[in-house]
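What follows is each chain in one-letter form.
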Amino acid sequence: MAKIWVYGDPAQDSTGFKTALEILTKARSLGGDVEAVVFGPGATEAAKAFGEHGATKVFAGDDAAFADTIGTVAATALHQLVQEHQPNIILFPMSYDARDVASRLSAKTGSTLMSNATDVTGADGAKTAIFGGAQIVDVKFEGPDPKLVLIRPKSFDAEPSGGSAEVVNVSVPAAEGAKVVERHEQAASGPKLEDASVIVSGGRGLQDPSNFKLLEDLAALIPGAAVGATRAVVDAGWVPYAMQIGQTGKTVKPKVYIAVGISGATQHIVGMKSSDRIIAINKDAEAPIFQLADLGIVGDALKVVPKLTEEVKARKG
Amino acid sequence: MNVLVLVKQIPDPNNPYQLANNRLKRDGGQNVLDPGDEFGVEAALQLTEANGGEVTVISMGPESAMEAIRRALSMGAHKGVLISDDSLQGADALVTARVLAAAIKKTGFDLVIAGVESTDGSTGTVPGTIAELLGVPLASFAKHLEIKDTTLHIQRQTEKGFDDVESPLPAVLTVTAGVNEPRYPTFKGIMQAKSKPVEQLKVGDLGLSAEEATSTQTVNEVTPAPARGAGEKFEDDGTGAAKVADFLKEAKVI
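Chains as they are written, first to last, in our numbering: chain A, 1 to 317; chain B, 318 to 571.
These are calculated hints, taken from the structure and not from any lab test.
Each hint should be verified, as a subset may be incorrect.
Below, computed lysine-lysine pairings styled on DSSO-like, alpha-carbon distance capped at 27 Å [claimed, not checked]:
1. Lys-422(B) with Lys-283(A)
2. Lys-307(A) with Lys-560(B)
3. Lys-569(B) with Lys-303(A)
4. Lys-560(B) with Lys-213(A)
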């Protein structure tokens with residue numbers, strides 16, 4: 001019987017934590033022993049949630065060194081656990097920190113590593129979506145265990161199974177590397193993108209950073225709405241990275257996603273294509289975003305959005 | 318200091334991607350230096366301009382990847398290394414990392430710079446695996462960087478903001494788009510690039526076994542994703558905003 005491991009982050013508000021619970025839910029449907037590995041301050045506390053989502057055993061390392069080094073300490077500890085317990089496959093969330101751990105582990109174990117998986121088919125295979133989700137690639141793994149797979153957030157729904165996990169404490173191995181010396185948090189206002197029920201998102205078609213105000217005015221009228229953005233406008237410095245949706249940003253799944261002045265580059269689409277409903281407003285009738293949209297308006301965003309804000313006000317009475 | 322930059326030639330991301338034999342079609346269309354790699358080249362040029370030294374660009378890919386190397390050379394890099402071998406077609410992330418790490422060792426380095434992920438493959442794991450194979454630190458997702466004495470200081474992008482991260486050298490560094498403003502090649506740069514040295518290597522030159530250079534991922538099949546239900550599209554005749562508002566009302570979000 002396959003031994004499946006799920007790697008997670010202890011911080012409850014992190015992608016690495018939430019995605020790990022989603023992966024555990026999927027893992028327990030694959031048949032096999034499902035166990036988890038959690039490194040960083042709060043790991044033992046987090047083990048409870050991992051147990052509730054199907055892990056029968058959690059290897060927990062609470063030391064700050066796991067979180068304060070870039071991949072090295074976690075990969076070294078994980079490698080030691082792998083040699084001792086020999087899992088067949090390790091499933092990681094596609095988060096910044098897990099990516100740096102999985103990539104190092106691949107070199108240590110000489111085992112295959114796949115990124116951006118959207119489904120797992122068993123202990124030796126996974127699926128990924130390419131071309132903005134238009135095609136699904138079914139991949140088979142060979143070579144030594146454990147196979148290593150990084151899985152995109154929100155690929156599965158997290159559902160508790162009501163179990164509890166045996167916790168095994170993991171001590172810190174010695175490892176050199178790059179170190180975090182100070183953390184900076186950028187305060188964001190309004191609901192978090194990942195939790196928003198409606199997202200109003202803007203791209204290059206807004207023409208000027210000041211026009212994001214139009215999206216904020218609209219979002220302020222809709223309960224639980226947040227404002228997002230494409231990589232292009234984040235790279236251009238219009239809005240902070242925390243607002244970025246897509247491959248290198250956040251993956252979101254709101255009830256309604258309103259794409260304003262967004263053409264629909266693959267890098268953006270992978271982060272929002274699972275939204276329940278999608279509305280696109282764009283000048284270019286040929287923009288790829290319209291292929292995804294339940295409702296498409298071919299028009300000037302700078303004219304449509306202010307009018308939409310008025311229309312929403314009117315309907316709210 | 319010797320700064321190595323990993324670069325990749327990719328199909329122009331402004332054109333729709335196509336498959337050939339279940340792999341990304343890399344010939345026939347327009348190919349470009351991955352736009353994400355231009356930030357790595359620029360970072361390397363700025364570091365050597367400030368601290369002295371040489372910039373070497375390294376690429377693994379088909380013979381045509383020489384064009385991507387020449388592009389980086391025309392920006393100002395000093396020399397190139399191209400690993401091109403038919404046996405590497407369809408190489409997975411681990412094989413790619415082994416090949417590049419072997420070429421990096423052969424060349425010698427103080428710092429290796431890469432983009433955080435390629436625009437076509439987006440795996441984002443090759444730099445970390447290279448760092449482990451080389452036995453050096455990885456400083457990843459840098460949105461700002463500087464070198465003071467022999468320590469690399471970066472601002473590492475995080476979900477909540479950024480972390481100040483320090484790393485001794487030698488190291489592997491990945492840079493985000495936006496870390497700098499990549500320069501455009503000048504006419505003089507383009508002319509000079511033509512005569513800059515580019516070493517061409519095969520797998521056999523790198524001391525890797527056949528097994529180490531064989532991909533451990535195979536594609537069973539590629540199938541179209543279930544299509545979303547066909548939506549409605551309207552030319553805005555002044556009623557577009559009202560249609561959207563009705564849609565929001567119907568979706569019960571207002």
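- Query: Does the alpha-carbon distance linking Lys-569(B) and Lys-303(A) stay inside the 27 Å limit?
  - Reply: holds (24 Å)
- Query: Keeping to a limit of 27 Å between CA atoms, is the pair of Lys-307(A) and Lys-560(B) held or broken?
  - Reply: Between Lys-307(A) and Lys-560(B) the Cα gap is close to 11 Å, so the pair holds against 27 Å.
- Message: Holds or violated: Lys-560(B) and Lys-213(A), Cα atoms, limit 27 Å.
- Response: holds (22 Å)
- Item | 27 Å Cα cutoff - pair Lys-422(B), Lys-283(A) | violated (51 Å)
Of the numbered hints given earlier, the model fails hint 1 alone.
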